[in-house]
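Just need the whole structure built from these sequences, with the hints factored in.
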Amino acid sequence: MTDNRDSSSIFRKKISRRSTLKGLGATAAGLVAGPIVAGPGFVRYAQAQSSAPIKIGFQAHRTGIGAAYGRWYEKTTNAAIKAINDAGGITGRPVEIIVEDDGTDPGRGAEVVGKFATQHKVDVAYGTLFSHVVIGSAPVAGEFKLPYFVVSEGHHVASTKLNRYVFQPGITDVKSQIQAMAPWIAANAGKKVCQIFPDFAFGYDHRDYLPPALKAQGADVVAQIAIPPTESSFTKYFPQIPSDTDVIYHVMVGPAVLTFVKELGEFYGSNRPQLFGFIDSLEAVDINSPGLEFLDGSHFWEGAPRYAQADDSDAMKAYRAAVGIDDNGASVDDPKDVSTAAHMFGCWETLYVIKKAMEDAGYKGPEDRAKLVEATEALTEFAEGPEHPQGKKTFNGKIHQCFGIQNISKVEDGKLKVVHKTSIEDGLYEPEGDYTTQAL
Amino acid sequence: MAFGPHLLLATLEGLVTAAVLALTALGLSLVFGVMRVVNVAHGEFFMLGAVLAWAVASAFGGHPAVGFVAALVVAPLIVGALALVADLLVLKRLNYNPEATIVATIGLLYIIQQAALSFYGPEARPVEAPFSYRVLLPWFGYSGYKLAVIGASILLLLATWFVLARTRIGMVMRATQYDSETAQAFGIPVDRVYAGVFAVGAMLAAVAAVLIVPTSQAHYLMGRDPLLLSFIVVIIGGLGSLRGTVVAALLIGVSDGIISVFFSPTLAKIIATLAVAMVLVFRPQGLFGTAAR
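The listed protein sequences derive, respectively, from chains A and B. Using the working numbering, the first residue of the first sequence is number 1, and each one after it goes up by one. Using the working numbering, the first residue of the second sequence is number 1, and each one after it goes up by one.
The reader is advised that the hints may include incorrect statements.
Some chain A residues well away from chain B (every beta-carbon gap over 12 Å; in silico) [claimed, not checked]:
hint : residue
1    : Lys-161
2    : Lys-421
3    : Ala-439
Covered stretches of chain A (in silico footprint by chain B; criterion: 3 or more residues with CB under 8 Å from a CB of chain B, positions within the stretch not fixed) [claimed, not checked]:
hint : stretch
4    : 320-328
5    : 431-437
Label pairs and their in silico Cβ distance ranges [to be verified]:
hint : chain 1 : residue 1 : chain 2 : residue 2 : range
6    : A       : Lys-121   : B       : Ile-111   : 27 to 37 Å
7    : A       : Asp-434   : B       : Leu-280   : 53 to 63 Å
8    : A       : Lys-121   : B       : Ala-70    : 44 to 54 Å
9    : A       : Gln-240   : B       : Ala-70    : 32 to 42 Å
10   : B       : Ser-118   : A       : Glu-412   : 31 to 41 Å
11   : B       : Gly-61    : A       : Glu-412   : 24 to 34 Å
12   : A       : Asn-271   : B       : Gly-61    : 25 to 35 Å
13   : A       : Asp-413   : B       : Ala-65    : 20 to 30 Å
14   : A       : Lys-161   : B       : Ala-115   : 34 to 44 Å
15   : B       : Ile-102   : A       : Ser-313   : 56 to 66 Å
16   : B       : Ala-115   : A       : Ala-187   : 47 to 57 Å
17   : A       : Asp-413   : B       : Ala-115   : 52 to 62 Å
18   : B       : Ala-65    : A       : Gly-385   : 48 to 58 Å
It is worth saying that the hints were derived from the structure and are not from the lab. Each residue gets a CB set at the ideal place from its N, CA and C atoms; glycine is no exception.
Have a look at this one:
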């Protein structure tokens, strides 16, 4: 009996809340219909409608092999949300982050996205890095029609193999990065390249896109070595590196990255081929760790530079201060706690893209998700500045992917110094499809 | 790389794996042999050894060897003490019932793993090797420390053998293993032997972890592989047989090294698992085990 009464009262309450919301929505639509056309004035206008927080579900790698990235993604996210809320939130509403740990696991990732949609009832999901988790979670986001903004680097979003609800507006994809790097590698490092990459989706992007990009520059990939991401010992793979290799192109992820680079050093010593690495191989690891001396003079790709550079913009300085990293890219509280600076800027920038798209769409609640998708697709350019400290970007709404500059840094005196910046054009490629033709 | 040096590298890698595996699996085998307890949390004692090694080594400044030696002494002692507590609070209360202890040690596995995640964090942290000598061979360089790991492991295995075969403590353990009821009737404090054996088993895993951690890194999930491989070794060698464990560790370690280098690490794991299946089918007591009484 009591149960019955309880559930019916909850039911009644639900109906009344829904009808209230409907009423509110109708009123709001009537009120803002004019100002939407009129432009930005509407943002302040909407403030009166609702002050309930906008909820962003943050799919975080708190545990598992992506944990080091996850921790810094979380720090960056918190800093960005603080900055956004201090400046008045999104469409005048405060922003609330709801964190769920996905264990860097695709199965768990899909569950987390489902939980965001059905239990937390978030407005958008956001923040995933590891590509296998993105690929595992994307179908769920599509099923629930939940906009899903990833910060992953993988080419899977831009390949248009996922669905219309998945976006990557804050960080460039591997295909674009490789295409921009290849001319520099062929011209400065060597023509015979041996690739070492992790044996899963993200690594396959490197495996598939480097050979054609190098070929176009007159260089060749002489060997490709795939290593399972959970591997803890690497020496056994090194004999596969051909002896006539000019350059070892390495990109590793996971908790054993330091071991990988150390064992590479033990194997070759100072008599090594040129090394070109994606900083992923050393992200969250101090490059001055014992055993890494042999890296001196080698080159790394960096999304955003780990070390403060002489020509850093004011926006970059402000971003670094807000996130709390020092000139060496380590936590201001603990100089041993090295950040994932090359990637985590993508969280900051993605959150500002969400903000921009929500404001463009006049976003009021989950019923406006389709409008939000269209507003995001309509974006074309992000200017360099406090919201995009890594640099200017362009955005292709058809493939849901942004394009930006890349940094090549040299290890010098125990620091990474940017020696070359590519242009946005270096990383552009022909779209492989068009998400906007898919139904919403 | 030419075939000769390639094989040399494969063998060296295999021997390092075998050295660490032998110590870890010996702990598992000892616990099963004497107590008939399948300790699923064994890999977590290994992980704990590595994590504590990081904690101890980073607490000591100065030369890395100082911190390492301290870790080599302190980490296994702490792990042993913890195992002792686990035995008193959990296993003993279950009367060492084989089924119940499997479930209990699974619980222990999660408690230790998640505690490490809470208190140590999700990062992989390096422990500096006591020395960083690089052995320069004509074809490739090799970590001198890894060679030292092989040596240290051999010494520890000999010490364990000596304790088991030549001392009074070892005799008491063997008596308990042979027939615990009769041993008790002869006044052997079986409960204390059990507690001691459980602690020593965990300490062997911890020592192995401290030895290997400078060549890899301490991470809260690192206990899984050693556990799996230890089970493989112990099943192939024969549960409870010290000699079988060492021989099987050598077999699995070296073949893993060679197959990984010449073919792929995945194939090495497949073959090891297949070997377990074959042993279970054709010689369930293991290569050196005696049939169950």
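Determine whether the Cβ-Cβ distance between Asp-413 (chain A) and Ala-65 (chain B) falls within the hinted range of 20 to 30 Å. holds, 27 Å
Checking a non-interface call: every C-beta of chain B should be farther than 12 Å from the C-beta of Lys-421 (chain A). Is that right? holds, 30 Å
Is 44 to 54 Å respected by the C-beta to C-beta distance linking Lys-121 (chain A) and Ala-70 (chain B)? At 52 Å between Cβs, range holds.
Range agreement (Cβ of Glu-412 (chain A) with Cβ of Ser-118 (chain B), hint 31 to 41 Å): Given a distance of about 39 Å, which is inside 31 to 41 Å, the answer is holds.
Using the Cβ atoms, figure out if Ala-65 (chain B) sits within 48 to 58 Å of Gly-385 (chain A). holds, 51 Å
Whether chain B covers the stretch 431-437 of chain A (at least 3 residues having a Cβ closer than 8 Å to its Cβ atoms): Not satisfied, violated; 0 residues make the cut.
Status of the given 25 to 35 Å range, CB of Gly-61 (chain B) versus CB of Asn-271 (chain A): Hint holds: Cβ distance 33 Å, inside 25 to 35 Å.
Is 27 to 37 Å respected by the C-beta to C-beta distance linking Lys-121 (chain A) and Ile-111 (chain B)? Hint holds: Cβ distance 34 Å, inside 27 to 37 Å.
Falls inside 47 to 57 Å, the C-beta gap from Ala-115 (chain B) to Ala-187 (chain A)? Since the Cβ atoms of Ala-115 (chain B) and Ala-187 (chain A) sit about 52 Å apart, the hinted range of 47 to 57 Å holds.
Assessment of proposed distance window 56 to 66 Å (beta carbons of Ile-102 (chain B), Ser-313 (chain A)): About 60 Å separates the Cβ atoms of Ile-102 (chain B) and Ser-313 (chain A), which means 56 to 66 Å holds.
Verify the coverage statement for the stretch 320-328 of chain A against chain B, using a C-beta to C-beta distance below 8 Å and requiring 3 or more qualifying residues. Not satisfied, violated; 0 residues make the cut.
Has the hinted range 24 to 34 Å been met by the Cβ atoms of Gly-61 (chain B) and Glu-412 (chain A)? holds, 28 Å
The earlier numbered hints that this structure contradicts are 4, 5, 17.
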